[in-house]
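Enquirer: Protein chains in written order, with numbering that gives the first Met the number 0: chain A, 0 to 298; chain B, 0 to 420; chain C, 0 to 272.
These are computed hints drawn from the structure, not numbers from a lab. All residues carry an ideal CB built from backbone N, CA and C; glycine is no exception. Don't take every hint at face value.
Reference listing, derived: stretches of chain C covered by chain A, where coverage requires no fewer than 3 residues with Cβ under 8 Å from a Cβ of chain A [to be verified]:
| no. | stretch |
| --- | --- |
| 1 | 24–35 |
| 2 | 64–73 |
| 3 | 109–115 |
| 4 | 157–171 |
Straight-line alpha carbon distances no greater than 25 Å define the calculated DMTMM-like cross-link-like pairs of lysine to aspartate or glutamate that follow [said to hold, decoys possible]:
| no. | chain 1 | residue 1 | chain 2 | residue 2 |
| --- | --- | --- | --- | --- |
| 5 | B | K44 | C | D217 |
| 6 | B | K310 | A | D48 |
| 7 | B | K415 | B | E217 |
| 8 | B | K415 | A | E242 |
| 9 | B | K415 | A | D131 |
| 10 | B | K51 | C | E163 |
| 11 | B | K154 | C | E37 |
| 12 | B | K154 | B | E239 |
| 13 | B | K154 | B | D118 |
| 14 | B | K44 | C | D162 |
| 15 | B | K352 | B | E170 |
| 16 | B | K44 | C | D171 |
| 17 | B | K154 | B | D370 |
| 18 | B | K154 | A | D48 |
| 19 | B | K415 | B | D222 |
| 20 | B | K310 | B | D135 |
| 21 | B | K44 | C | E163 |
| 22 | B | K310 | A | D44 |
| 23 | B | K352 | B | E72 |
| 24 | B | K44 | B | E72 |
| 25 | B | K44 | C | E166 |
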Amino acid sequence: MSEASLAPVRARHPYLLLLPTALVLGVFFIYPVAVALYRSFFAWDLLTDPQFVGTAHYSRLLAQGAVAGLVSRTLAYSLVVVLGAGSLGLLLAVLLNRPGRLYAFVRGSIFSAYIVSWVAVALLWLWILDPDAGVLSRAATGLGLGRIDWLGDPDLALYSLAGVSVWKITGYAMVIFLAGLQDIPKSVLEAAALDGATAWRRFWHVTWPLLRPTTVFVGTTSLIMSFQAFDIVRVMTQGGPIESTTVFVYAIYEQVFMNLRVGRASALTMVFFVFLLVLTAFQLWLWRRFSGRRTMGGS
Amino acid sequence: MLTRRTLSGLIAGALGAAAVGGCNRKRLPPGHISLWFSYGGRNRKVLLELVKQFHREQHAVRVVPTFQGDYFEGLTKLRTGLYVEQAPTVTHVIGEALPYLAEAQVLEPLEDIGSEVIDDLVPALSQAGTFVGGGDRPLVGLPFNRSTPVAYYNKSIFRQLGLRPPKTWAELRSAARSACLRDSERTTRFGFSCPVDWWFWVAMVGQAGGEVVAPNGEVTLGDQAGVRALRLWQTMVHDERSMKPPPGRDYNAWEAANNDFLAGRVAMIWTSTAFLRYLEDNAPFAVGTAPLPSQQRAAVPTGGTFFVVPKGARPEERTAAMTFLRWMMAPAQANAWATRTGYMTVSKRGRAKLAQDGFFAQHPNDRVTVDQLKHARPWPWATQLLRIQREAVQPRLEAAVLARRDAATVLDEARKSLEGV
Amino acid sequence: MRRSWWRVGGKGLLFAAALVWLAPYLWMVSTSFKTLPEIVAAPAYPLPSSLQWGAYEEVFSTIAVGRYLLNTLVMATAIATLQIALALPAGYALAKLRFCGRRAAFLSVLACLIIPAQVTFVPVFTMLGPLGLIDTMAALVLPFAVSAFGTFLVRQAMLAIPDEIIEAARLDGASEFTIVYRVLAPIVQPTLAALFLFSFVFHYSDYFWPLMMTTSDDVRTMPLAVALLREQGTGVRWHIVMAGNVVLSLPILALFAVTQRRIMQAVTARALS
């Protein structure tokens, strides 16, 4: 973290400036999490009186290996989404970083997927990925790949969902990378070109290092988006087949909505929270290592 | 892009909208009742038409129907609504959730709707005989969109192959095998398909002579009958490759089964009677229905929802709710709902009227569904029923059928998972 | 010679990319003009036999599109605006001012980045219920009046602003309020544009929160209305669902198309610096 450099005019100013934010976040985010922590020690269905169960929910979650499964599925999904959308976004940004109507059109069409709602995208791809009637499956059969059950095969479903998410947020990554590319002074690249560096070397030795903060930013934000994946699971697979697409947020939803278990859902929430904190700590460490003194996204 | 003035204007507007919205919190005016429902599509349309008709026929009661998401979202909203004492006057819930709500004592008894209505309900579709352990329980649910599973077959394929709708499990297997079409590497048409869903598994448990919950309240999951039911699916999916487990979970699987049937990719499916109109109207071939086959005996469960009146309504709202429900349960409305949607009429007199008007003669498929009702088995309404379904059984059926885990082990695990918390 | 090959290859790649992103939309539109029997018979055929408007008639007779759309726009605009308005002072304090507890405050904001609505809705519902706020615009807007993400973005942007600008403004007698909204806001405008876009897009298409917080149709939004078109279990009437998708997506795509130039300019003009 960089140093805040100014002394406030009045000592109370910083607190006043932060007050609305603290209020809203406190009331609508931190307080509910505190409530969840409290309820995670009870068995409760919203209707009958809560029963204190101690840490039974937690030991159950850990004993059944449920947490390990959730963590590995959530991570696998996120990894594909972050790497897929990030690398595609970067590639497209480099290719499209030039003036002209054609380029603007292609940029616009790619970014539009980010604009359209998750539910609409999920429904659309549910139809495209239908193993018998879907366009993509028909194409696969036509190419002699056999019948691919994109969403029905437990080994494949999670990656099909991740693929759809990549399609959805690549436009986002691309736009951020475009922003990063515009920041690179032309003179630096021109100097490299004069030195006789090839396009690839210019990219690798000049552009890519300068894009690092942007990359970190894209990575972090798309990671957050991928952790919150919900609509796509709810519409396309409902967590199946055989739990293979039950990621954290959907598991929490399932406990509250289908199993009527608010207490267990709360315990799951706390585990999710710890998981995210560990991951965030890991990321902070990564930023420090790879962006040196520069704070992420800062210039 | 944002000037200061537009920004401050927008903020003022936003706060204003929030404030006005906040003060504007309305209780329904006198004579109005709220009705929460969970339908989209055609079912929603028919319901709204009925409400409109109700308003034309009388002026004392106004019903305000509102969509509340799918069944589970609706159920959660009902629970949160009850928690903050803002529950609707009337809503409908799936049968499996009813014993749980009854046990939590959040439902108003409905006896004062009158014996004229209660005695006219088709017993197989109503609350009669459902609570495990029996005893005198207050009436808390009035049947509304009710259905059973039924077999649909593609008449042209069956005729072409000289097949008859199967009457036993053995016949089901042989018919399914005969109706398959295979080329060198893959099956292009399956003989049979059915969502790998708890509902159909319960049907087979009944057919194999078992009960999901014993009369003494013990959760047996059908014991050996449960295992046999699961093994039938496993055999048909893996050994005989004659059954296609539709992809997706819950409603996605049901939709997939219907689509496969309509497209001729499967010759026969089990699904809800509720889809009869839809399948008949959209199939490019003649659709036949048949009762589900039997093993030890013929058996089908019932499905769909019941109207309930959550506690917390003021007396006059309750009375208004009764007026509305009495009207909805009357033969004319019960029939209107049934014939337009494909669900089954819940009124005995209504059913007699349909027979008399020649409806069943014109719609032989509907006749099959009604005849099958005599084999309908009442649900074991145990408090835990919804969790037995959602938590213990449903997710494991999928594992057993798709990944072929041992049926007995899987059901043992399911039983164990219900112990403890 | 080599150069032109590169160029052809690059163009081809771009063409393929555009196709990958546009084809699904074309597919959506094409399906919406088909009839159900047509879809069942030849699901993969790219074009409808003729333009059938039936699905759209169904959509418009089911949904009061104008009303729902207005609700959606009011809600998403209010949220995005409030987020900007409140992120500015918070971002300024976190980026520029020395005070006790600054680090803790910043970390708390970061922690809020990742809490999903599926976790918070029960406590929030039980809190707003007794206040009579359920089923009001307030229940849709207030919980999102602050975006942890937005606060974080604005803070990052403010870090890059030289202190001298603020010191100079102070010497001119500007209040902190003036500094935040009149001096700094214009400088970080690209970030604000980006924040507005992200926030608007997210809340325009949010299904879960409006569903849970509303009990009547008064303040409901478009994604909820589109859900009405789906009859669960029956067999998807894809033409109607796709028509609903088109109706849901068109307004925001049109909005984007009209403002695309400015958005892209704003966002790419050092949005994240």
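Enquirer: State for each hint whether it applies.
Expert: For each hint, the structure was consulted:
1. 24–35: With 4 residues in contact (Cβ-Cβ under 8 Å with chain A), the coverage given for the stretch 24–35 of chain C holds.
2. 64–73: violated (count 0)
3. 109–115: Result for this restraint: holds, n = 7.
4. 157–171: holds (count 6)
5. B:K44 x C:D217: The hint holds at about 19 Å.
6. B:K310 x A:D48: holds (16 Å)
7. B:K415 x B:E217: holds (12 Å)
8. B:K415 x A:E242: holds (19 Å)
9. B:K415 x A:D131: Violated, at about 38 Å.
10. B:K51 x C:E163: Not satisfied, since the Cα-Cα distance of roughly 69 Å exceeds 25 Å.
11. B:K154 x C:E37: Cα-Cα ~21 Å, so holds.
12. B:K154 x B:E239: holds (22 Å)
13. B:K154 x B:D118: violated (38 Å)
14. B:K44 x C:D162: Since the Cα atoms of K44 of chain B and D162 of chain C sit roughly 63 Å apart, the hinted pair is violated (cutoff 25 Å).
15. B:K352 x B:E170: violated (35 Å)
16. B:K44 x C:D171: violated (66 Å)
17. B:K154 x B:D370: Judged against 25 Å, a Cα distance of about 20 Å means the pair holds.
18. B:K154 x A:D48: violated (54 Å)
19. B:K415 x B:D222: The given pair, whose Cα atoms are some 13 Å apart, holds under the 25 Å limit.
20. B:K310 x B:D135: Holds, at roughly 20 Å.
21. B:K44 x C:E163: Distance of about 65 Å is beyond 25 Å: violated.
22. B:K310 x A:D44: holds (17 Å)
23. B:K352 x B:E72: It is violated: about 36 Å lies between the C-alpha atoms, which goes past 25 Å.
24. B:K44 x B:E72: holds (20 Å)
25. B:K44 x C:E166: violated (65 Å)
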